[in-house]
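There are 2 protein chains.
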Amino acid sequence: MTMAIDALTTLLGAAGLITNPADLSRYAADASVQGPDMPLAVLRPKTTDEASKAVAICAQAGIPMVPQGGRTGLSGGAVPPAGAVVISTERMSGVIAVNTQAMTLTAWAGTPLQVVQEAARAQGLDYPVDIGARGSATIGGTVATNAGGIRVLRHGMTRRHVLGLEIVLPDGAVLSRMRGLVKDNAGYDLCQPFIGSEGTLGLITQVMVQLCPDEPFSALALLSLRDHAAALDCLVAARSRFGDRLSAFEGMWPDYLDAVCTTWSLVPAPFATPGFAVLLELRARADAQLDGFQDWLGELMEAGLVDDGIVARSHDEERRLWALREAVGEVDAQLGPHISFDLSVAVDQLGQFCHACDRKLRGVQAAGQVIKVGHLGDGNVHILVAHDGSDASVTAISRSVYCVLREYNGSVTAEHGVGRSKRDWLTACRDPVEMIALRRQKQIWDPKSLMNPHSILDLRASNTATLIRQPHRSA
Amino acid sequence: MTMAIDALTTLLGAAGLITNPADLSRYAADASVQGPDMPLAVLRPKTTDEASKAVAICAQAGIPMVPQGGRTGLSGGAVPPAGAVVISTERMSGVIAVNTQAMTLTAWAGTPLQVVQEAARAQGLDYPVDIGARGSATIGGTVATNAGGIRVLRHGMTRRHVLGLEIVLPDGAVLSRMRGLVKDNAGYDLCQPFIGSEGTLGLITQVMVQLCPDEPFSALALLSLRDHAAALDCLVAARSRFGDRLSAFEGMWPDYLDAVCTTWSLVPAPFATPGFAVLLELRARADAQLDGFQDWLGELMEAGLVDDGIVARSHDEERRLWALREAVGEVDAQLGPHISFDLSVAVDQLGQFCHACDRKLRGVQAAGQVIKVGHLGDGNVHILVAHDGSDASVTAISRSVYCVLREYNGSVTAEHGVGRSKRDWLTACRDPVEMIALRRQKQIWDPKSLMNPHSILDLRASNTATLIRQPHRSA
Numbered sequence: 001m002t003m004a005i006d007a008l009t010t011l012l013g014a015a016g017l018i019t020n021p022a023d024l025s026r027y028a029a030d031a032s033v034q035g036p037d038m039p040l041a042v043l044r045p046k047t048t049d050e051a052s053k054a055v056a057i058c059a060q061a062g063i064p065m066v067p068q069g070g071r072t073g074l075s076g077g078a079v080p081p082a083g084a085v086v087i088s089t090e091r092m093s094g095v096i097a098v099n100t101q102a103m104t105l106t107a108w109a110g111t112p113l114q115v116v117q118e119a120a121r122a123q124g125l126d127y128p129v130d131i132g133a134r135g136s137a138t139i140g141g142t143v144a145t146n147a148g149g150i151r152v153l154r155h156g157m158t159r160r161h162v163l164g165l166e167i168v169l170p171d172g173a174v175l176s177r178m179r180g181l182v183k184d185n186a187g188y189d190l191c192q193p194f195i196g197s198e199g200t201l202g203l204i205t206q207v208m209v210q211l212c213p214d215e216p217f218s219a220l221a222l223l224s225l226r227d228h229a230a231a232l233d234c235l236v237a238a239r240s241r242f243g244d245r246l247s248a249f250e251g252m253w254p255d256y257l258d259a260v261c262t263t264w265s266l267v268p269a270p271f272a273t274p275g276f277a278v279l280l281e282l283r284a285r286a287d288a289q290l291d292g293f294q295d296w297l298g299e300l301m302e303a304g305l306v307d308d309g310i311v312a313r314s315h316d317e318e319r320r321l322w323a324l325r326e327a328v329g330e331v332d333a334q335l336g337p338h339i340s341f342d343l344s345v346a347v348d349q350l351g352q353f354c355h356a357c358d359r360k361l362r363g364v365q366a367a368g369q370v371i372k373v374g375h376l377g378d379g380n381v382h383i384l385v386a387h388d389g390s391d392a393s394v395t396a397i398s399r400s401v402y403c404v405l406r407e408y409n410g411s412v413t414a415e416h417g418v419g420r421s422k423r424d425w426l427t428a429c430r431d432p433v434e435m436i437a438l439r440r441q442k443q444i445w446d447p448k449s450l451m452n453p454h455s456i457l458d459l460r461a462s463n464t465a466t467l468i469r470q471p472h473r474s475a
Numbered sequence: 001m002t003m004a005i006d007a008l009t010t011l012l013g014a015a016g017l018i019t020n021p022a023d024l025s026r027y028a029a030d031a032s033v034q035g036p037d038m039p040l041a042v043l044r045p046k047t048t049d050e051a052s053k054a055v056a057i058c059a060q061a062g063i064p065m066v067p068q069g070g071r072t073g074l075s076g077g078a079v080p081p082a083g084a085v086v087i088s089t090e091r092m093s094g095v096i097a098v099n100t101q102a103m104t105l106t107a108w109a110g111t112p113l114q115v116v117q118e119a120a121r122a123q124g125l126d127y128p129v130d131i132g133a134r135g136s137a138t139i140g141g142t143v144a145t146n147a148g149g150i151r152v153l154r155h156g157m158t159r160r161h162v163l164g165l166e167i168v169l170p171d172g173a174v175l176s177r178m179r180g181l182v183k184d185n186a187g188y189d190l191c192q193p194f195i196g197s198e199g200t201l202g203l204i205t206q207v208m209v210q211l212c213p214d215e216p217f218s219a220l221a222l223l224s225l226r227d228h229a230a231a232l233d234c235l236v237a238a239r240s241r242f243g244d245r246l247s248a249f250e251g252m253w254p255d256y257l258d259a260v261c262t263t264w265s266l267v268p269a270p271f272a273t274p275g276f277a278v279l280l281e282l283r284a285r286a287d288a289q290l291d292g293f294q295d296w297l298g299e300l301m302e303a304g305l306v307d308d309g310i311v312a313r314s315h316d317e318e319r320r321l322w323a324l325r326e327a328v329g330e331v332d333a334q335l336g337p338h339i340s341f342d343l344s345v346a347v348d349q350l351g352q353f354c355h356a357c358d359r360k361l362r363g364v365q366a367a368g369q370v371i372k373v374g375h376l377g378d379g380n381v382h383i384l385v386a387h388d389g390s391d392a393s394v395t396a397i398s399r400s401v402y403c404v405l406r407e408y409n410g411s412v413t414a415e416h417g418v419g420r421s422k423r424d425w426l427t428a429c430r431d432p433v434e435m436i437a438l439r440r441q442k443q444i445w446d447p448k449s450l451m452n453p454h455s456i457l458d459l460r461a462s463n464t465a466t467l468i469r470q471p472h473r474s475a
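Chains W and Z are the protein sequences, given in the same order.
For the first sequence, the numbering used here begins at 1 and goes up steadily by one.
For the second sequence, the numbering used here begins at 1 and goes up steadily by one.
Excised from the complex, chain W in its bound form:
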């Protein structure tokens, strides 16, 4: 161990290695949790070569490693366990190249998402993955977690935009897929395993993304509707009318509006009559492509599908309408002890699923206030459930919600990732064959389980001897 730290000191220098306890503590946390364990050290390589050599030193010494980007994760996936080092990408930062003809951008993994977005926009292009933490979240972190956000409806998850990766594998070998090819069927796609792997298979050092034409014109409306069923009808109607001009379709349940507008008075209540609210956004490259939006909303109201609506007439008004949706951050801060679920089901099942969760939680004594808000067009809801802060309450509430989730064939995490906080609930959405396949996937790339070993899976806690050799289901 001491020999490894000595070798790392020589390799990385004073700027590249943090061992002072006072400086280590912020590397023990993400945006959801302050971990109980300090890392042994924080490695801050500046080049791929340094990263590769640092990983090789740790691998040879058997030291667990936790890759870390902007620490904006919400599942504890970048929080180091006891005895691990953190490998931070914070010094591997900066846009390396923007190719306007091929519409690609290459950046160091530690580059903040917002810097990537701005570099694209400076060329009249766009990198359309967008999340609230864009100023701190790194492009490498968003790839490692397959980040979602509010524009998934239109542009898909991060996976869709990744054109190339450079990865330091858990033994220090460098896997480079940075050719920038839009089409490449020369064998298995070696980028895919690492996208959404939460740092458990390797350390991403460089990223190449496909950019798209910027869509600077937008139209935004906040709608009041009877319930989720009406909102779903509205979604289908919007898609039918505007196709993929539709860029966001965010749902706010009455309990959310009540919390934001009444309980904490964070934003004035937009409508006199409480109901279900939807933020509907269109985006286009030309203003004319948004024509007919107001008329169409008028038709929906005449047809009785929408009860009330506010259309933004300026960018300021757009920001004010978005503030209602973005107040979820403030709710999160003010609610006190609570679980923040990140669930997805099939798009058409979301209303019934939420209803079933509400019903179930009413029978759970530990469950306090329930608040629901989400990406309705993607079948993704964030359910916040207040409790008394005890572990027993957390377990009781989680068990109830995941029990309903299993009935609806949903996922325990739509976009936040498994990390450490959802690891033990994975089987609520993965059957035994899938669990075996997940473990096997981990073992290919990280046979010694040194890379972020407590996230997604804990190989040491499971019997993995009979992986592929399962009898077929019907046997």
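Be careful, since some hints might not be right.
As the list claims (entries may be wrong) - Residues on chain Z that point at chain W, a partial pick, calculated with CB under 8 Å:
#1 Ala102
#2 Gly124
#3 Met157
#4 Arg160
#5 Val174
#6 Val182
#7 Pro193
#8 Cys212
#9 Arg285
#10 Gln289
#11 Ser344
#12 Asp378
#13 Gly410
#14 Val412
#15 Glu415
These are calculated hints, taken from the structure and not from any lab test.
Computed from a predicted model, the values in this text were never measured in an experiment.
By construction, the Cβ of each residue, glycine as well, lies at the ideal position given by its N, Cα and C atoms.
Got chain W sorted already, so can you dock chain Z onto it with the hints?
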């Protein structure tokens, strides 16, 4: 072996098993090659359960299996080697469900692509992957090969549209990912390894795809330009003006136009002056979104970027313009012995790369006529090179082209797949770490190498002992 065939006969019945030599021969070919070896038998399961049990029987008997869809492949990837059985999905056919609210479609793997497209369109939706072989190619086959086609520029490869798969693994276990979740970050994405795996990791039995809103309105122009550089400028201008209304941007080199219009007189020459030709298509949900197309083309001509142009004024005229591009099939049939390369490089490098290939091939005695046509917006060119039919010529020409390809960091196959015909050229675009990773990927899922064992990789021909334990590059 006999015991296995007996067990398969009992399991699948007379309709489910072909062993008559006269009936076997068509299962020994794909669209590119008639294999020299007849399969031992063709298994035609009708359900996932039958497929699972059939695979388990073969696995236990150590019989290699080759999954087969519509046999429209162009790389020999579905052609069985000696001693293997074919597992055909031809009886697992039909659309199972279309969900218009979630915009998803579920089908048996053996369903023809065109049937999937038509089922989507019947609901005002679209499945946007489109290839010439749509009537025979199966949805399972397009997933297994990550099919591309003419609309990749707008909609991406097949990978982007796959929402779920059901797969029989090489030991008969069934891996099911059919929850239909748009967002699911609950561990590694277990669909990804199978997309583009060409039947080497398992047998796809069911597919769920994400549909998109139909875009029934189109505008199409055939343009004559100086060269590829002018075409690339035109691509950038089209993207800048129309964003993702741009749905196709197909390039035809002068040698292609000469072959089609002069050598074989398949289509009348569209322009008096020979040059580089581009088919530029826009698609939209409303006719008004295509406004300004003619004016914009006029501006390009005034600016000297485009030399001449023909805009289609009806669907009939659109078909006539497309005929020029689609004549590649007839060229393929009439050219005599030739190699059909399926290459990709970064989008902005394609012109220089083709130029370098031309230059190189002029020095190769074995190389006859060279014809270039491709998906310019994706950096993908199909280069046809005539030769005298000898193996030596094939090797000499291939070596020359792939040598140039390596300099340009391209891929030996953009969309047709590796199969058997490009397997031995993989290292032209994959470095040693990648080759190790590819082999490891195969070994996880198919440790006995029973599933399509001669495609993509031949594990038995390679030393795979030191997979992940590579020293890092700089060592």
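Each hint, compared with the structure:
1. Here the hint on Ala102(Z) is kept, as its CB sits about 4 Å from the closest CB of chain W, short of 8 Å.
2. For Gly124(Z), the interface hint holds, the least distance from its beta-carbon to any beta-carbon of chain W being 7 Å, beneath 8 Å.
3. Because the closest C-beta pair between Met157(Z) and chain W is about 6 Å apart, less than 8 Å, the hint holds.
4. Because the beta carbon of Arg160(Z) sits about 6 Å from the nearest beta carbon in chain W, less than 8 Å, this interface hint is met.
5. Because the beta carbon of Val174(Z) sits about 5 Å from the nearest beta carbon in chain W, less than 8 Å, this interface hint is met.
6. For Val182(Z), the interface hint holds, the least distance from its beta-carbon to any beta-carbon of chain W being 5 Å, beneath 8 Å.
7. Interface hint at Pro193(Z): satisfied, since its Cβ lies 6 Å from the closest Cβ of chain W, which is below the 8 Å cut-off.
8. For the restraint placing Cys212(Z) at the interface with chain W, the shortest Cβ-Cβ distance is roughly 7 Å, inside the 8 Å limit, so the hint holds.
9. Interface hint status for Arg285(Z): upheld, as the beta-carbon distance to the closest one in chain W is roughly 4 Å, under 8 Å.
10. The closest approach between the C-beta of Gln289(Z) and any C-beta of chain W is roughly 5 Å, which is under the 8 Å cut-off, so the hint is satisfied.
11. Annotation: interface hint on Ser344(Z) holds; nearest CB of chain W at approximately 5 Å, less than 8 Å.
12. With 8 Å as the threshold, the beta carbon of Asp378(Z) comes within range of chain W, its nearest partner Cβ sitting at about 5 Å, so the hint holds.
13. For Gly410(Z), the interface hint holds, the least distance from its beta-carbon to any beta-carbon of chain W being 7 Å, beneath 8 Å.
14. With a cut of 8 Å, the hint placing Val412(Z) at the interface with chain W holds, because the nearest CB-to-CB distance is about 5 Å.
15. A cut of 8 Å between beta carbons decides the hint on Glu415(Z): the least distance to chain W is about 5 Å, and the hint holds.
Consistency note: the structure conflicts with none of the earlier hints.
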